[in-house]
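A.B. asks: Chains as they are written, first to last, in full-length UniProt numbering: chain U, 1 to 497; chain Z, 1 to 497; chain L, 1 to 497; chain F, 1 to 497.
By construction, these hints were calculated from the structure, which means they are not laboratory data. Do not take every clue at face value.
[Claimed, not checked] Just so you have them, the derived chain L footprint on chain F, three or more residues with Cβ under 8 Å: (1) 158-164; (2) 206-214.
[As the list claims (entries may be wrong)] No more than 16 Å apart at the CA atoms, straight line, and that leaves these computed lysine to aspartate or glutamate pairs for EDC-like: (3) U/Lys298 x Z/Glu319; (4) Z/Lys298 x U/Glu319; (5) L/Lys358 x F/Glu148; (6) Z/Lys193 x U/Glu393; (7) F/Lys149 x Z/Glu125; (8) F/Lys193 x L/Glu125; (9) L/Lys193 x F/Glu319; (10) U/Lys149 x L/Glu125; (11) Z/Lys149 x F/Glu250; (12) L/Lys298 x F/Glu319; (13) L/Lys149 x U/Glu125; (14) U/Lys358 x Z/Glu319.
No residue lacks a Cβ here, since even glycine has one placed at the ideal position from N, Cα and C.
Protein chains: 4
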Amino acid sequence: MCGVFGIFNSKTPAEDTFYGLYSLQHRGQEAAGIVVADYSKARKKTIFKQHKGMGLVSEVFRDETVFDTLSGYAAIGHNRYSTTGSAKSTNNIQPFSLIYRSGSLAIAHNGNLTNARKLRNELTELGVIFQASSDTEIIPHLAARSREKEPVQQIYEALQQVQGAYSMVLLANNQMIAARDPYGFRPLALGKKTDPLTGELAYVIASETCAFDIIQAEYIRDIEPGEILLIDHLAVANEKPTSLFLPPSERKARCIFEYVYFARPDSFIFGNSVDKVRRNLGKNLARESSIEQTPGEKELTVVSVPDSSNTAALGFVRESNRAGRPARFEHGLIRNHYVGRTFIQPGIQSRDIKVRSKYNIVRGVLQDRPIILIDDSIVRGTTARMLIKLIREADPKAIHLHISSPPITNPCFYGMDFPTKRQLLTHMFDSIENEVDEIEKIREYIGVDTLTYLSMPGLINSVPSFEGESCSYCTACFSGDYPIQVNEATTDKEEND
Amino acid sequence: MCGVFGIFNSKTPAEDTFYGLYSLQHRGQEAAGIVVADYSKARKKTIFKQHKGMGLVSEVFRDETVFDTLSGYAAIGHNRYSTTGSAKSTNNIQPFSLIYRSGSLAIAHNGNLTNARKLRNELTELGVIFQASSDTEIIPHLAARSREKEPVQQIYEALQQVQGAYSMVLLANNQMIAARDPYGFRPLALGKKTDPLTGELAYVIASETCAFDIIQAEYIRDIEPGEILLIDHLAVANEKPTSLFLPPSERKARCIFEYVYFARPDSFIFGNSVDKVRRNLGKNLARESSIEQTPGEKELTVVSVPDSSNTAALGFVRESNRAGRPARFEHGLIRNHYVGRTFIQPGIQSRDIKVRSKYNIVRGVLQDRPIILIDDSIVRGTTARMLIKLIREADPKAIHLHISSPPITNPCFYGMDFPTKRQLLTHMFDSIENEVDEIEKIREYIGVDTLTYLSMPGLINSVPSFEGESCSYCTACFSGDYPIQVNEATTDKEEND
Amino acid sequence: MCGVFGIFNSKTPAEDTFYGLYSLQHRGQEAAGIVVADYSKARKKTIFKQHKGMGLVSEVFRDETVFDTLSGYAAIGHNRYSTTGSAKSTNNIQPFSLIYRSGSLAIAHNGNLTNARKLRNELTELGVIFQASSDTEIIPHLAARSREKEPVQQIYEALQQVQGAYSMVLLANNQMIAARDPYGFRPLALGKKTDPLTGELAYVIASETCAFDIIQAEYIRDIEPGEILLIDHLAVANEKPTSLFLPPSERKARCIFEYVYFARPDSFIFGNSVDKVRRNLGKNLARESSIEQTPGEKELTVVSVPDSSNTAALGFVRESNRAGRPARFEHGLIRNHYVGRTFIQPGIQSRDIKVRSKYNIVRGVLQDRPIILIDDSIVRGTTARMLIKLIREADPKAIHLHISSPPITNPCFYGMDFPTKRQLLTHMFDSIENEVDEIEKIREYIGVDTLTYLSMPGLINSVPSFEGESCSYCTACFSGDYPIQVNEATTDKEEND
Amino acid sequence: MCGVFGIFNSKTPAEDTFYGLYSLQHRGQEAAGIVVADYSKARKKTIFKQHKGMGLVSEVFRDETVFDTLSGYAAIGHNRYSTTGSAKSTNNIQPFSLIYRSGSLAIAHNGNLTNARKLRNELTELGVIFQASSDTEIIPHLAARSREKEPVQQIYEALQQVQGAYSMVLLANNQMIAARDPYGFRPLALGKKTDPLTGELAYVIASETCAFDIIQAEYIRDIEPGEILLIDHLAVANEKPTSLFLPPSERKARCIFEYVYFARPDSFIFGNSVDKVRRNLGKNLARESSIEQTPGEKELTVVSVPDSSNTAALGFVRESNRAGRPARFEHGLIRNHYVGRTFIQPGIQSRDIKVRSKYNIVRGVLQDRPIILIDDSIVRGTTARMLIKLIREADPKAIHLHISSPPITNPCFYGMDFPTKRQLLTHMFDSIENEVDEIEKIREYIGVDTLTYLSMPGLINSVPSFEGESCSYCTACFSGDYPIQVNEATTDKEEND
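For reference, chain U alone in the conformation it holds in the complex (with noise of 0.2 Å):
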């Protein structure tokens, strides 16, 4: 997974970016780049300038100098994912920026291809070379071999051959273009801002609206699925961008799992608030649960693991007392503020001091209670495993463990940063059958007194519903349900954007 941000005809573009990118954070710590376009009355055309570094943003741009080296009237920027186990390149850090027929081009990915290989090997079979062994170096290849004249065009022609999921937003020249997968899986927002100085408009585009909120821009719109946006200096004069669309995929596939997790909670997504669905996940897990008020106890004391599923965790509280089961919320694990990329574990002396240095618990809280625990989601098992060893150390009477979305039974191809199937909890148990059972086992594994996931109805409750679209998420790590065929040879997953 990754951040995109971009803005046009801003008078601090660089700026701009760094705080979208700092507000997108939470979507990528490995690495982040920004590159601007400014136009150079010697060369008297736009060219691009570039700071990119492995690390969080603020660590890439802690020398404020590097922002006089960044002026310009328009910027896109990337966060990238930390990818576990492969090589960290510095060739993949992005935004990519490159030099073509038709100019300069620059381009900042978020999303997964699933005919990369295919597409991948017949470019290298035309002599095509790659520098990065991400996905997105196929597009400007493609773009550049287009007999397309306008970059936008080129985009477009270059588009209709991949295949799979990508928000994406590109400088080429002196345009902006932004662009999504016909399914839709990432989110990707349009934005305005307008100067309080001058009251000149800027655009801006960011894989999420919290890009927008720091920097005082407004949300429009979302770009739709399929859309291809440009952005130039006419399209700020008008107020109007235009935009060329893809042709429409038989169904849509939002990621459900933005929602359930990656997305910020203060961010609208897909057009709808996270925060929202986020609260709807735990009212229907309130209304699924068995746990019962146990005797002596007023109250069922509700803790989440911080922050991700604090929301779900109020929602969960609300519904269960709307229903007539007294519940409280609870914070009864605290998150250390100071936990960032650059930590270091020297010595490690014991194998869960990275969840101690994560979190603590809050004894007076769990103490002889019986405690229902929410979390959003458990992909391989081991952090669950330590946070309830943690949690026992504060001797709650139960952990009911209960987690806002279904089982993650599938890896993901279209950008989310799964391990392979084998490193999914749920592999670990796939030969028992009845899933009743293999839920026991995950829950002897973990450690919990109970053990409550969301079923999948529940989940397609808790999301916005969109008209006349018969197929609207991507449930495929719950379900197995791949909206697009994947070609097998893709799903090693080597590296994911």
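Mind docking chains Z, L and F on chain U? Use the hints.
C.D. replies: Then chains Z, L and F, alone, in the frame of chain U:
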């Protein structure tokens, strides 16, 4: 303010101290350091090794290889608070280590001496030289001039001469010493850890118990006000540290603001759970609140400023519900996880970017509703004002700001890094004699619909009482009632620790 | 200009390359990189690993742990010259590594292609995209488009299409390839090293033989002009690399300026000792010099600009003595050992601080004496002027500046990082048709008493001759006689390697 | 050893000091620091600002913005020598700055006190604490205990109590003080600079005059042995600093090794040109040499170990020629320009890589010839041995090693960073009573054909004599004749400055 940590008889004292400081990071972000005591076979005595630097613990110790140079059997560490405005000299980074008559000494100190200026003047008159502007150096100077032979006796003698607030941990050759002033201003706790492999006992000292949790040490008890605790290899063998006691003060003066804001909620300080006290503050605030449910709203919507006010907000909701005024807790503000000391703010476009970088609003929660916003305290008022401006963007019907402590009216001379009196928000309206009118002015300045402070009785009622003590807490910042007469010359507060 | 290095069949290829690049540091100080070929058991093929960065080799590889990640059996490396004025993009740091039809390819290139613009245009028309502005990328693109199967054949085909100066080393999967253009502009040498423990043979490629000396490798021979040398495990086993040869050019064009200034005196280039050639330059300069002993002086005092002109000065002295004009070599200028790329010049108080930071005068040597100052060349003249100003502070009776090469009158299009024609000192006096008058103007500008340049015949007489070659050297910068017609469009020289 | 610098009444004291330290870099590479005196309008007095760090001057001050924080009117600076083996504590970085009875004091010190241990013991007995293990701290402690009111008088009183070698510069509030011990062990010079714009006079103090040259300051005179010089704004106005004099010592003891090796050849120290003295050393070495021309060789080939022995080699050649034994100077060894403190040696493949990284041979010069190799001194012998091994690779007919100083037989207690007696090469053969036999053993160990040391009379004859002084130099390292009795307890030489 600062955080201190010490461990004795560990195989990995520097690593343990790293984790301890890491969990005490909230007590000081400006600088960090570790001094290790190791036995040198070559010199046949204990030698000290150190590593110190500006920045967060994780930054100062970013290079893992530094731990290779910090082997030993005991260590102390220190987090320094960011002192605003003053020259940020590396001379001031603690622990201070030095060589004197009886060997080597290292000191990590949290607090502020009220007779520092007088002692400093006396000492300089005697020819003493100071490296740094901090109070802390006075103590080893006094110890070095003692005629006692044992370091612990020298420290005892030194501490009889100083007045004010201090909680400190020292290494003196092959001993670790912990000391707390007779008033007990700052917290200091004793713990122990049993090595899982060897079964060996290590003693641990920390400002807050969250530092025990992270290394799986166990809380034993607080260092008592006036106690000087000596830990050496004999103490470990006997499982019995020895103590000296300074002459008792006429009253105690535990810092009530540690409970209100400073300490981590998962810590125990002064022998009690911070979380529990904050909950009480919220409950009492609810009792004192006059905000009624708005017609058309089923419940009061209670929003906290995360994360410091979360617990108080939960207490508020609980008491409110108990008292028949239905309320619910909501996450209306999201705190950015990636805020850190190294955060830069290029091209500050608007003055509120700092607040926007830290918080964002959850529109769905705030919009069109009257909200009760819980914050722990207001110092200068600038952040509060910006935050309210930010919340207003979500169009709440009303903002009822509730502060879970009384107005701060006086500076702290015992180590809390408050500004001078002139910089306190309350000072702005000093000329207004009527307290009601003053709060009305503050309300207007902050920009909220109503403003409620917890009363002083409400505050006192929230904190644990200590048997046999006439006065247990320092409330000077709220009440002006200073437990120790402060030398007027000191009140410019050039530097606290 | 740049330095290249490669080693095949070493146990420590990255370390060897580090030392090789370190000894070639004078060929490029802006950036450095190493790509290693390692056999991956997991993937059952050779994979590439890399580390690159801006700065000196010792800075880029300052963190020793980087070598832990660079294990393998072969490596190539590159030092990039500081290109003045242009945007210093990290995209341009070599070796470039990439993935194409036949696997992995990495390239380190020293030189400049004269038909780069044309090829680039043709390639971009075909849809090729470029990452960087350097010429180097063209070569792998051409190779990737070849229909040949073997990388070495692809390179062969590619090099048939490019014109200009190049000496390069490549990794192609499990092979190392070295290539030099048919004119032989830039040096490139082949060496070997026998592992002292295992007796195993490693082949080494380097721009200059000083890179062999540092790792105790042995010089075998030069890579011939037009030769493409293939080294693989078979070549090692047979102790016999194989070669292909490009069609020969009508003449050779070894860069004579490498001998004059660029190469290290302890290197062999073009099969001959640089030191010896420089000595000849000095001798011929002495023969051409008209400076006579001043009455009252026993000898001529000959001072060199250290360290580049030391050998020429020694040759001058030797020939002078032989010819009966007593002369002695003196160190009248001291070169600061600590000058490096990272040197900052805060608050530039006077414009000559840069010269003062690099050199200082030895008064006793210079004072009250006429001195013959030997320098290798004058490019822009600014440094020379400052240096003369500095020497004047020692009050020499006269400064007779002798340059051990003719005036530089033309830019270099084959890789030497000269400025454009307009920036050359000689250009300043272009309007003066009489050469004698022109040199008089230059003398005046530099501020010396007399100015003597080595004549073109004196230059040619100093360098080794190659049997059977009508023309062996490129002297274009002195003579304007360009061996390869230069596309006018290329002459803006945006970027050399 | 160390370098010190100070400037008073400059507009850019930190920048000047930076350049001064930069040119004194050879006197200490481990750490560097600058303390600036600035007038604070707010506090109505002079305040000190500082920046210090480990590494070369150019590394410590790599971030140019640090100079923005170092404005003022005066500054002192210090380069610390690399002390091998001991813990490299940042506590030891000079200048030390401190606060005491009379205000602020900062000190930069070059030398070694011989009664340091005694004074330290006395002071610690009185309750003094030390931050660092260096001698330097003793001086401000003694000054602080003085009953004098004026800092210069306090320093005077302090220096009457210390014995040993010191050349130092201090800032005391708004004054700069320079002091040199009565024996005059270490050099210290006074200079002045006139601001080119304002015509204002600045006084400058430096270890060597090369630091004056770089900032275009002018040498006035040496600080006399025993002189304490006071520079303040009055001194500037009157163009007349004032001096106090310590009681004279019975003899002088200028460090003769400064002339032999340590100082830069372009400096004047002890009022005389270092270059000239080294030339004399070479001449006397020639007079004492018994190496005759080999039949078949026209001349003796004289090669120096660059750059320290260049001048001696030139003197050798000159005298040799004068005496009718034709000789010529050759550059047979090339010194790498990029060697610096930050140099890493990954995977040390062979033990001599350190020597190879610093030097390379010029084969053509060395091959098949007997050479006279001039080096200034041999301390441990390890580098010399490796260097000879390297030279042997060029197959010289013979290596006649000539050392331009006598054998080093004794450690230095006055600041030169020699090893202990046990680590000196000569100690290896202590049991051999016959000096001739001992030198034969050393010759064998080093691996040369013949070995010639300059005789003690030859040494003495080379250095300038001072009228009216019975004894002017310290030759203890060669002769064992220690000018100041050394407390045996001090001889373990834990730390020099």
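A.B. asks: A separate judgement is required for each hint: does it hold in the structure or not?
C.D. replies: Against the structure, the hints come out as follows:
For the region 158-164 of chain F, the assignment as covered by chain L is violated, since 0 residues bring a beta-carbon within under 8 Å of that chain's beta-carbons and 3 are needed. Restraint check on the region 206-214 of chain F versus chain L: 3 residues with Cβ-Cβ distances below 8 Å, three needed, restraint holds. For the hint pairing lysine 298 of chain U with glutamate 319 of chain Z, the CA-to-CA distance comes to about 14 Å; that is within 16 Å, so the pair holds. A distance of roughly 14 Å separates the Cα atoms of lysine 298 of chain Z and glutamate 319 of chain U; the hinted pair therefore holds under the 16 Å criterion.
Distance hint between lysine 358 of chain L and glutamate 148 of chain F is unfulfilled; the C-alpha atoms sit about 45 Å from each other, more than 16 Å. For the given pair, lysine 193 of chain Z sits about 15 Å from glutamate 393 of chain U by alpha-carbon distance, which is consistent with the 16 Å threshold. A distance of roughly 11 Å separates the Cα atoms of lysine 149 of chain F and glutamate 125 of chain Z; the hinted pair therefore holds under the 16 Å criterion. Taken as a hint, the lysine 193 of chain F and glutamate 125 of chain L pair is broken in the structure, with Cα atoms around 63 Å apart against an allowance of 16 Å.
Taking the CA atoms of lysine 193 of chain L and glutamate 319 of chain F, the gap is near 43 Å; set against the 16 Å cutoff, the hint is violated. Pair hint lysine 149 of chain U plus glutamate 125 of chain L holds up; C-alpha atoms about 11 Å apart against a cutoff of 16 Å. In summary, the hint linking lysine 149 of chain Z to glutamate 250 of chain F is not supported, as the alpha carbons are separated by about 42 Å, beyond the 16 Å threshold. Distance hint between lysine 298 of chain L and glutamate 319 of chain F is fulfilled; the C-alpha atoms sit about 14 Å from each other, no more than 16 Å.
Taking the CA atoms of lysine 149 of chain L and glutamate 125 of chain U, the gap is about 11 Å. The hint holds against a cut of 16 Å. Restraint check: the Cα-Cα separation between lysine 358 of chain U and glutamate 319 of chain Z comes to about 30 Å, which exceeds 16 Å; the hinted pair is violated.
Of the numbered hints given earlier, the model fails hints 1, 5, 8, 9, 11 and 14; all others are met.
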